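All residue numbers for the sequence shown refer to UniProt numbering, where the first residue is 1 and numbers rise by one.
Do not rely on the hints blindly, as some may be mistaken.
[Claimed, not checked] Just the calculated beta-carbon pair ranges, DEER-fashion:
1) Gly104 x Ser384: 22 to 30 Å
2) Asp165 x Asp60: 36 to 44 Å
3) Thr355 x Ser322: 43 to 51 Å
Worth flagging that the hints you see were computed from the coordinates, not collected in a lab.
Computed from a prediction, not measured in an experiment: that's the story for all the values here.
Yeah, the Cβ is synthetic: ideal placement off N, Cα and C, and Gly gets one too.
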Amino acid sequence: MKLVVRRDPVYVRRRRIVGVTALVLLLLLVLGVLACRALVGGGGDDPAAAALAAQRAAYDVSGTQLVRRQTITGNINPKSVAASPGGVVIAQNMMYRHTLTAYGADGQLRATVPDAVDLGQFGVAGAKGAVKGAPVEAAWTSDGAKAYVSNYSMYGPGFTKNGFDDCTATSGVDRSYVYRLDAASLKVDQVIQVGAVPKVVALSPDQRTLLATNWCSGTLSIVDVAQAKEVATVKIGAHPRGIAISPDSTTAYVAEMGGETVYRVDLASRTATPLVKPGKGPRALVVSADGKHLYVTNNDANTLVRVDVAAGKVDRSVSLASQPRSMAMSRDGRALYVVSYGAAAMTKVRAGDLTVQQVVATDPSPIGVTYEPTRNAVWVSCYSGSILVLDEAKGGTPAPSPKGGQPTATPSGPAHD
1 MKLVVRRDPV YVRRRRIVGV TALVLLLLLV LGVLACRALV GGGGDDPAAA ALAAQRAAYD
61 VSGTQLVRRQ TITGNINPKS VAASPGGVVI AQNMMYRHTL TAYGADGQLR ATVPDAVDLG
121 QFGVAGAKGA VKGAPVEAAW TSDGAKAYVS NYSMYGPGFT KNGFDDCTAT SGVDRSYVYR
181 LDAASLKVDQ VIQVGAVPKV VALSPDQRTL LATNWCSGTL SIVDVAQAKE VATVKIGAHP
241 RGIAISPDST TAYVAEMGGE TVYRVDLASR TATPLVKPGK GPRALVVSAD GKHLYVTNND
301 ANTLVRVDVA AGKVDRSVSL ASQPRSMAMS RDGRALYVVS YGAAAMTKVR AGDLTVQQVV
361 ATDPSPIGVT YEPTRNAVWV SCYSGSILVL DEAKGGTPAP SPKGGQPTAT PSGPAHD
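Using the sequences plus the hints, can you model the full thing?
Shown next, in the form of structure tokens:
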């Protein structure tokens, strides 16, 4: 069949219109692909850009308020709570219950997991039978498949010197273990020995390195995740606790709660250098998605501060209620949630300028906090025996403030840049 191309003006115009239309559609397709890549990957392999893109796509909490949804009680004394990306929240109940409890995002109990393990079954040489732990803190993998849980001390055969809060590196306290919890089975499937009285655990964004602060040893354990083995320790100082890791997984920040210093740890050279003295008793750390700012709660100074990482200086500060301890960031990076242990309060703070947006009354001794992303909720663990679930909502009745009004909270420092 012979192809005939008509050259009449009307047919020429039609072919031109079709060609232009096809070109426009192709251009729109290319722009769409580029936009999707920018949203998902942040424009290449830059971890900070990817994290910022993910935050921009998240639920905006700048115009919402905390509304109390639920109070969870039971056989618990939760030291901390940690939410997975997929909506599982685990509470660590220390040696008071020798358990961790797992909940769905709806607040329903899924399982109570005993902290008893037989270390010999995990290949620990010289293990002498079943022992118990004392779950303190937890960190989830980015896919929500596993959680790493620190144990304050181990109790049972082979362990003779348990941890205590006033310990030092010369107290002779036994080394402890981090458990790995499988999210599907809610069972411990791995154990890793670290230092004495491990507190905070944190995974690097690239998921290759697990860090644990050792309260009594005064060190930071560096664990190779693939080997499930501690490969190095870094000396920090008195009672290290909070950890934050840069978006590119090269640098860790560690709070020396027994002093006044936050340290910068080079994870390649495994060396620590002082970054800043943010206040007395620095406890919890959160790093911004772009890695430029570090947020620090100061338990003894009753402050929350923002640190310019490049300058190594505090550039903004706000006074909070008594003993600000744990801290979480909203998924969109716009808000920080800080629990004040001595005031039975939790404060929502705008991350950009540290302006207090809401103060919520809690049960006695709030000690842990996490942001649950599937329902945009804030979970607060109270050592007195409860967990509060508060939704970030655009309607409803705001959660009640502490009696006597809101604690004084006046930000200071330069405007947000």
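Status of the hints after comparison with the structure:
Distance hint check: the CB atoms of Gly104 and Ser384 are about 23 Å apart, consistent with the given range 22 to 30 Å. In this structure the hint that Asp165 and Asp60 lie 36 to 44 Å apart at CB holds, the actual value being about 40 Å. Roughly 20 Å separates the CB atoms of Thr355 and Ser322, a value that falls outside the hinted 43 to 51 Å.
Figure legend: structure checked against the earlier numbered hints; the only hint not met is number 3.
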